[in-house]
Structures are given as structure tokens and as C-alpha cells.
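First to last, the sequence lines map onto chains A and B.
My numbering puts the first residue of the first sequence at 1, with every later residue one more than the last.
My numbering puts the first residue of the second sequence at 1, with every later residue one more than the last.
Because the hints were derived from the structure by calculation, they are not lab data.
Please read all numbers here as calculations on a predicted model, not as lab measurements.
C-beta atoms are modelled at their ideal positions from N, C-alpha and C, and glycine is treated no differently.
Below, in silico cross-link-like pairs of lysine-lysine (DSBU-like), each with a Cα-Cα straight-line distance of 35 angstroms or less:
no. : chain 1 : residue 1 : chain 2 : residue 2
1   : B       : Lys56     : B       : Lys68
2   : B       : Lys60     : A       : Lys7
3   : B       : Lys101    : A       : Lys65
4   : A       : Lys7      : B       : Lys101
5   : A       : Lys7      : B       : Lys109
6   : A       : Lys65     : B       : Lys109
7   : A       : Lys7      : B       : Lys49
To be clear about the criterion: a stretch of chain B counts as covered by chain A if any three or more of its residues have a C-beta under 8 angstroms from a C-beta of chain A, and this derived list gives those stretches:
no. : stretch
8   : 44 to 58
9   : 99 to 112
Each chain, written out:
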Amino acid sequence: SAVISQKPSRDICQRGTSLTIQCQVDSQVTMMFWYRQQPGQSLTLIATANQGSEATYESGFVIDKFPISRPNLTFSTLTVSNMSPEDSSIYLCSVVTGVFSTDTQYFGPGTRLTVL
Amino acid sequence: GDSVTQMEGPVTLSEEAFLTINCTYTATGYPSLFWYVQYPGEGLQLLLKATKADDKGSNKGFEATYRKETTSFHLEKGSVQVSDSAVYFCALRPLSGGYQKVTFGIGTKLQVIP
Numbered sequence: 001s002a003v004i005s006q007k008p009s010r011d012i013c014q015r016g017t018s019l020t021i022q023c024q025v026d027s028q029v030t031m032m033f034w035y036r037q038q039p040g041q042s043l044t045l046i047a048t049a050n051q052g053s054e055a056t057y058e059s060g061f062v063i064d065k066f067p068i069s070r071p072n073l074t075f076s077t078l079t080v081s082n083m084s085p086e087d088s089s090i091y092l093c094s095v096v097t098g099v100f101s102t103d104t105q106y107f108g109p110g111t112r113l114t115v116l
Numbered sequence: 001g002d003s004v005t006q007m008e009g010p011v012t013l014s015e016e017a018f019l020t021i022n023c024t025y026t027a028t029g030y031p032s033l034f035w036y037v038q039y040p041g042e043g044l045q046l047l048l049k050a051t052k053a054d055d056k057g058s059n060k061g062f063e064a065t066y067r068k069e070t071t072s073f074h075l076e077k078g079s080v081q082v083s084d085s086a087v088y089f090c091a092l093r094p095l096s097g098g099y100q101k102v103t104f105g106i107g108t109k110l111q112v113i114p
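Next up, chain A with everything else stripped away, as it sits in the complex:
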């Protein structure tokens, strides 16, 4: 299993500023992801955070807007840069543990971001 914590749990930010969200896992994991959950919508994968190399971004997401760090196997940060009201969302960190057929995806409690 895995227990994930995120900081901050929520924030209200001004347009044009940046916010860095931290994700801490209680065990070493290989697979770590960042998701966005916009109001009334399902979860959308932003990127896979790779330890020791650049993150892998999904279509529609770019490194300049969402830079990600993954310095080790238990920690990652996601920065939301030059924010606009459209970035108001819940941002979720997620990891996968276990091996095939017993693997399980875990999620952090989320960071609720409001951009004014």
C-alpha cells in the first residue's frame, strides 16, 4: 500500500503567479503521476513524473506551464505557472505499487487551487 500526502491542501492565488504543490509518499515507488480534476469533470492525466529525468507530458500539457520535479522515489513537485482562472482545479498526485495483477493505484487527497 501507499500513503500519499500533498501540500498545500488548498490555496487561493492571484492571476499571473505560480504555485508549487508537493507530493510525499511513505514508500519508494516507480510510477508517479499528476492529475487535474476540473469542476464537474473527470480526472485528466497531466504527466508522469520520472525519477532522474524529465517528466512525460500528455497531450495538451507542456513543461513550461506545469514543470515537474522528481528528485527521488518518494517525492515530487508540480508547479502551476503563470496562473489564470482556468487553472482553478483540484490537482492530484498518484502512485502505483505492486506487480502485474496485484498492482494498485493510490491517490493523494488533492490540492484545491482557486485562481482569482
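Start from chain A and add chain B according to the hints.
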């Protein structure tokens, strides 16, 4: 591409009522199917899963059966409790895809009143 459609909420039930939350999917082949639950202030937690047709996933009194013929994975519980109040997400992972390919539904909020 793959998609998951689940009933929109909120769903409000009295305690001990029967629960059904519908979920249908579109995908090629035989994806793995999941139900996640998100309690207030917490992250999504895996509730149950099924990896092949006719499999039944079950946990905490909840059940869902993988129906290939109707491409459905409806969540059911015979008698809900106030503590079941949460948001429920249906999801699929394609057979040939990793977790990067997981597709989630929009979530159904369940409120159980005493």
C-alpha cells in the same frame, strides 16, 4: 478513444436503501474495470476491480460485475449506510495500456440520509 460514462449525481438515498450506480464503457478488447471511492477531504481509494468478462469485484458490501455484452460495470450495494456518502468513480485501463491510459468517469456523488 476509450471512454467511461457514469450516471450523474447527486444520488440521495435513505439509509438501508438499495444502491445502483450505472457505468458503461467504450474500449477495444478487454480492459480492466475499476470503481474508486473518494470520501470528503481524502484521495480516491480503490473500491473494487475486475479484469475479465463475467468477473465480479466486491468489497465492503459493494459489488460490480464485468458485463462484456452490455459493456457495463454497474456498482451495487444492498443496504447503504450514512458512512457510504462519498463520490464514486468508474474507470477503465486498456488491456495493452499502462496506468497512463486509465480513463475515469466524471464521478457520482452519493448522499445517504439517516
